[in-house]
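Asker: Here is what each chain is made of, one letter per residue.
Number of protein chains: 2
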Amino acid sequence: MSKRKRIIVIGGSAAGPKAAAKARRIDNDAEVIIMQKDADLSMASCGYPYYVGGYFDDRNMLLCTPAGVVRNPLFYLNAKDIDAEVNTEVTAIAVSKHSVSFRKLATGETGTLAYDKLIIATGAVPRIPPVPGADLEGITTLQSMRDADFLRKVRDEGSIKKAVVIGGGLIGIETCEALQLAGIEITVIELLPQLLTFLDWELAKIVENHVRSKGANVITDNGIAAFLGENGKLNAVKLQNGTELPCELAVVAIGVRPNVKLAKEAGLKIGELGGIEVNEYMQTSEPDIYAVGDCVETVNRITGKKVHAPYGDLANLQGRVAGENAASENCVKFPGTIQTGICKVFDYAAGSTGLSETNAARQGLRDVVTVINASPDKPGFMEGKLLVTKLTADRKTGKILGAQCIGPGNVAKQIAQWAMAIQGKLTVEDLINADLPYAPPFSLAIDHFIATAHIMQNKIKGRLKGISCQEVHDKLQAGEKPFLIDTRGPEEFEEMRLGIGETLIPLGALRKRLNELPDDKNKEIICYCKISLRGYEAALALEGAGWKNVKVMEGGIMAWPYPREK
Amino acid sequence: MSKRKRIIVIGGSAAGPKAAAKARRIDNDAEVIIMQKDADLSMASCGYPYYVGGYFDDRNMLLCTPAGVVRNPLFYLNAKDIDAEVNTEVTAIAVSKHSVSFRKLATGETGTLAYDKLIIATGAVPRIPPVPGADLEGITTLQSMRDADFLRKVRDEGSIKKAVVIGGGLIGIETCEALQLAGIEITVIELLPQLLTFLDWELAKIVENHVRSKGANVITDNGIAAFLGENGKLNAVKLQNGTELPCELAVVAIGVRPNVKLAKEAGLKIGELGGIEVNEYMQTSEPDIYAVGDCVETVNRITGKKVHAPYGDLANLQGRVAGENAASENCVKFPGTIQTGICKVFDYAAGSTGLSETNAARQGLRDVVTVINASPDKPGFMEGKLLVTKLTADRKTGKILGAQCIGPGNVAKQIAQWAMAIQGKLTVEDLINADLPYAPPFSLAIDHFIATAHIMQNKIKGRLKGISCQEVHDKLQAGEKPFLIDTRGPEEFEEMRLGIGETLIPLGALRKRLNELPDDKNKEIICYCKISLRGYEAALALEGAGWKNVKVMEGGIMAWPYPREK
Chain A
1 MSKRKRIIVI
11 GGSAAGPKAA
21 AKARRIDNDA
31 EVIIMQKDAD
41 LSMASCGYPY
51 YVGGYFDDRN
61 MLLCTPAGVV
71 RNPLFYLNAK
81 DIDAEVNTEV
91 TAIAVSKHSV
101 SFRKLATGET
111 GTLAYDKLII
121 ATGAVPRIPP
131 VPGADLEGIT
141 TLQSMRDADF
151 LRKVRDEGSI
161 KKAVVIGGGL
171 IGIETCEALQ
181 LAGIEITVIE
191 LLPQLLTFLD
201 WELAKIVENH
211 VRSKGANVIT
221 DNGIAAFLGE
231 NGKLNAVKLQ
241 NGTELPCELA
251 VVAIGVRPNV
261 KLAKEAGLKI
271 GELGGIEVNE
281 YMQTSEPDIY
291 AVGDCVETVN
301 RITGKKVHAP
311 YGDLANLQGR
321 VAGENAASEN
331 CVKFPGTIQT
341 GICKVFDYAA
351 GSTGLSETNA
361 ARQGLRDVVT
371 VINASPDKPG
381 FMEGKLLVTK
391 LTADRKTGKI
401 LGAQCIGPGN
411 VAKQIAQWAM
421 AIQGKLTVED
431 LINADLPYAP
441 PFSLAIDHFI
451 ATAHIMQNKI
461 KGRLKGISCQ
471 EVHDKLQAGE
481 KPFLIDTRGP
491 EEFEEMRLGI
501 GETLIPLGAL
511 RKRLNELPDD
521 KNKEIICYCK
531 ISLRGYEAAL
541 ALEGAGWKNV
551 KVMEGGIMAW
561 PYPREK
Chain B
1 MSKRKRIIVI
11 GGSAAGPKAA
21 AKARRIDNDA
31 EVIIMQKDAD
41 LSMASCGYPY
51 YVGGYFDDRN
61 MLLCTPAGVV
71 RNPLFYLNAK
81 DIDAEVNTEV
91 TAIAVSKHSV
101 SFRKLATGET
111 GTLAYDKLII
121 ATGAVPRIPP
131 VPGADLEGIT
141 TLQSMRDADF
151 LRKVRDEGSI
161 KKAVVIGGGL
171 IGIETCEALQ
181 LAGIEITVIE
191 LLPQLLTFLD
201 WELAKIVENH
211 VRSKGANVIT
221 DNGIAAFLGE
231 NGKLNAVKLQ
241 NGTELPCELA
251 VVAIGVRPNV
261 KLAKEAGLKI
271 GELGGIEVNE
281 YMQTSEPDIY
291 AVGDCVETVN
301 RITGKKVHAP
311 YGDLANLQGR
321 VAGENAASEN
331 CVKFPGTIQT
341 GICKVFDYAA
351 GSTGLSETNA
361 ARQGLRDVVT
371 VINASPDKPG
381 FMEGKLLVTK
391 LTADRKTGKI
401 LGAQCIGPGN
411 VAKQIAQWAM
421 AIQGKLTVED
431 LINADLPYAP
441 PFSLAIDHFI
451 ATAHIMQNKI
461 KGRLKGISCQ
471 EVHDKLQAGE
481 KPFLIDTRGP
491 EEFEEMRLGI
501 GETLIPLGAL
511 RKRLNELPDD
521 KNKEIICYCK
531 ISLRGYEAAL
541 ALEGAGWKNV
551 KVMEGGIMAW
561 PYPREK
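Protein sequences appear in the order of chains A and B.
The first sequence begins at 1 in the working numbering and counts up one residue at a time.
The second sequence begins at 1 in the working numbering and counts up one residue at a time.
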C-alpha cells in the first residue's frame, strides 16, 4: 500500500477549512487534518456584529451549513472525510522534521505529528491599546465567538447603559451599530481625523454625519489614554485630551495584527508588514509549508506592493489556492487583492475598491484625477436612494485606479461594478458606453456608475472644471470670496441650503439674469445644485457667456460634509 | 456675425433629447431644435408598467427632472437653451437640400427648415399581430404615454376582470405584473415555447413557474388567431389552437420594429434587420445625418454582428455620442452592445448579458461550455435569497460569453458583474479570485458570481461532470434509468423532493453506505442536493471509491424547472 499524503492545516476558522476541503476534493486519497485551538470550527465571524445586533437570534446560524448542519468535527469527518481536531493547540512546527507538536487543551496531552504538506491559517489577533487598565472587566474585542456571545448577552440583558467603541474602522462601526440597536448609548473614539480610512476624508465625514444622526456620538482625532475602573470593573475611559467618558463597556476595535508566532518560531520568513511572506502559490519560505488568510501578507494588484488585507473573502480564496497546491503541486496562483471592501452603517453602506485619493498619494502615484458624483441609484418614481461616489483615475491613461461609494442606495452593486472594471484594467473611455442591466426597479437609464465615468471624462477633457466641497470650504475659511451660485429652484432652496454666501439663481432663469453676475469675467464663480448636474449646465452657460473662471462644486449639496444652514 | 450651426433632432423621447442636450453642451453657440410629434417630451417610458401597476401615483414623475420640474418646451428653452417644438410632425427629409418638412398638428401649418446636422430619433413602433379584429376597442399596447394613461385608468376604475397579454417578452411580463397587481385575472400568451427569450429555456421555465405562482396564467407555444368582439368591443381572444379566452382587455406586447419611414423615404440606407444603418459614430449613409435609439441597428460587441436592441439605456448613450459628433465633428464612437437586460417579475428579477446558450448556438459559436449554479445571494442569517445563474463560456479560451440570472436575490448586481467581466474580456480563470465587496449584509464570503466561476473552472478542468436538469429529465423521459442520489438530509427530503426515482443518501452517510450503490462501476450515477454543492462533494467521493460515470445535476432542486413530487 502506498503511503497516503498527509496534509495538516493549522486553524479552523475561514481559510483553514476552505484549504482542507479543497485539498480533499483534489486528492481523494490524502489524509487531511485540521488542528484548531478553539472549540468551534468554520465560524462565520463576519456575521458576529449582526448576531450581536439582533438581526437573528439563533447562534447556530453562524456555525451551520446553509442546510442547517453544524460544522463540527463529525460533520467534517462524515461529509468531507476530514479529521478536524478541535481544542488542539499546535505549539511548534519542526521544519526540518516536517512535523508539528500539539497539545490537547482538554487533557493536556501532547504529541507530534508528521506532515507532507502544512498549511498555516492562524489568523490575526486584535490589537490592544498599550494603556493602563486594559485588564479591567468590561473590556472586550469582537473577534471570537466568545466575544460575540458576551456582547449578545450584553444586548439581551439590557443592563448596560453606556459603551465606548475604540476604533472607527469597519469592525468598530459595525459594533457601534449593533450596540446602538441594542439601546446602548455609544461613543466611537477614533485616533485619526476620520472614520473608515478606506474612504477619503470627505466621504468618511458624510458617513460620520449619518452615524451621528442615528444618535451615536463620534470623537475623532483623539485616542484612549487609560481605562478607568473600580473593583476591577471598567467605569470610564480617559482620552488623550483628558476627557473622561463614563461607560460600563468598552469594545476595542483598533485593528488586528497577523498571528505569526508559530511561523516565526519555525523560522519562516516574515514580511515587513508583520505577516507571513508567501509567493503567488501561497507558499512560505519553506516549500512544503503554505500560509493563508489573515496571517499572511498579500499583494496589491494595482501597486504591486505588499499589503495586509484581513478580509474573509480573500481568506476563502487563498485557502482554495493553497489547498489545491498542497494536494497536487504548485499549479494555481493567487493574484492578490485590489482591497475591495464594504460595510453596513445603519441605513447607509460604505464601500471602496482600488486606491482612494489618499492611498494613491501615499503610494506615490502622480497625476491622479478624482471626481465626486452624487445621484439616486434608481428613478425617483421607484424610490431611488442616494449614492455618492468618488472615482480615482490616472489622468494620462484614464485607467480606473479606485472608487469609493457611500449612501443609502445600492452601494454594493456600484462597488462590484468598479471592482470588475479595475480587474478588467478598463479606462474611463471604456466605461463611457458600458452596457449594464437597466430597468427602473434597478437603476437609472444612465446608471450612477456610467454617469460617474461621464463626469470624469468631462473633467479629463477639460469641459468640467470641478472643485471639491472641501476646497470650497477651505477657500471660504481662508477668506476668499468666490461668487457662489446655487442653481436650484426657490422651493428647494427654502427647504435646504448651505448658507455660505451663495446667490440663488435657478438654472432656468440664469440666461436672463446674467446681469446679476460679477462684471469681472475673470472672477472665480462656483456653481452647484443638489447633485451639481444643473450646476454643470449653469457653468457651461456662463462660460458660453464669457466668464473664464467658472467651476462646478462636485457632488453638490449631497456631497457637502460640513454643517448646512438649513 | 457668423452663421450659427443649426442642429435638428427628430424625436423627443429618450435618445433625441439626450442628443440635443449633449450637442448644446458641446457647442454653446449652435441652434438646437427638437421636433416631436407627441405632446410630451422626454418621457420615462420604461417606467410605464410601474405607473400602471400603482408603484406610484403621480403621472408627472414620468415627465419630471429629479428636482420635480416638468420637462416641457419651456424647461428645454430656459434650462438648456433648446427649442423643443412639440405637436410637430416631421413629414419629410430633403437630403440634397439639407432640410426637413414639418406640420404643426394643432394648426395644420406646414413649413420647411434647413439643418446643418440632423439627428433622427424616431424610435420604434409596436408590432401588431396581423389577425382579424385588431381594431376592436379594448386592445392596446404599452408603448406611449397615452397607453400608460389608458391602462392606469383601467387599474383605477377596477371594472375590468379579465385581460390577456399577448407576448411573453420583457414588456409583456412587466405588463402582466402591473395588471395582476391591479386585481385583474391575467393570461399571458406566447407563441414560442418559453417566456423571456433572452433566457435559455430552463431558466425561463423557472420564471414562468414564479409567474404562475402569483396567480397569472401562462400559455406558451400558442399564438393569437383573432380578436373577437361585439359592438366594436373586445370580448375574447382566439388562439391558434382554437381556444377562446374571454377578456375585456388585450395588451399586445410582441415586440417593436424600428420606425424608419422618414429615413427610408429620404433614401438613407436601411439594414437587414430593418433599422437605420449607422457607423460607429452613429452616422447614417448621409454624412450630415445621424440616427440613434430604437430606430437604428447596432453591433453586438461579442459577435460583431448587427442587432436591433431597443433599450432605453443604449438610446441615451447613443444620443450622447451623436450629439457630440453632430456638434463638433466625428470624434466619439459607440462601441455597440452586449445586450444586457433585466426585468422585474413580481418578487423575482430575470437578467441576462452577453450570449445565452441558445444565442451562442444561433450565432454558430462552437465549443461553448455552460454551467448552472444556484445559491443564496447572502448568508442565511442575513436572509439570503436564491439566485440561479447560467454561465456561458468559450471552452478553449475560458472567455466569458454570457450569463443569465434569475431569482428573488440581487440579480441586478450579479448581471452587472458579468456585464463588466465581459466588457473587460475576462476569462473564467480571471474571475476565480475576483475581489468583490464582501460583508454579510451584501454577499456570501465567496460571492455567487465567484462560485459560479469556480464551478465552471471545475467543469472545464473535468473535475465536475455536470448534467443539466433538462438532460436528466430527457433521459428519464426516454426510459433511461440512471442511479439518482439526493444527498440532502431526511428532513429536507421530507419537506421537498423531486420524486424521480431518487435514493436519499445524505452526504454525511455516503461513505458508510457505498454498499447501496450499483455494483457496476460504469453505471451512470447522478448526484444532486438543494443546490448541488453537497451533490458535487458526493460525486467526488464516489469517484474516489471507484465509480467511473458519476455526474452532478447542476443547480440541484433549485434549478429543476419541472413539477416536483413535493
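These are computed hints drawn from the structure, not numbers from a lab.
Take the hints with a grain of salt, since some may be wrong.
When chains are identical, the list treats them as one kind, so a pair holds in a single copy or across two.
[As the list claims (entries may be wrong)] Below are the BS3-like pairs computed for lysine-lysine, each with C-alpha atoms no more than 30 Å apart in a straight line:
id, residue 1, residue 2
1, Lys233, Lys5
2, Lys461, Lys97
3, Lys425, Lys333
4, Lys333, Lys399
Asker: Does each hint fit the structure? Answer for all of them.
Answerer: Now for the hints, and whether the structure bears them out:
{"no.": "1", "hint": "Lys233 with Lys5", "in the structure": "neither (51 Å within a copy, 80 Å between copies)"}
{"no.": "2", "hint": "Lys461 with Lys97", "in the structure": "neither (63 Å within a copy, 35 Å between copies)"}
{"no.": "3", "hint": "Lys425 with Lys333", "in the structure": "both (19 Å within a copy, 20 Å between copies)"}
{"no.": "4", "hint": "Lys333 with Lys399", "in the structure": "both (25 Å within a copy, 18 Å between copies)"}
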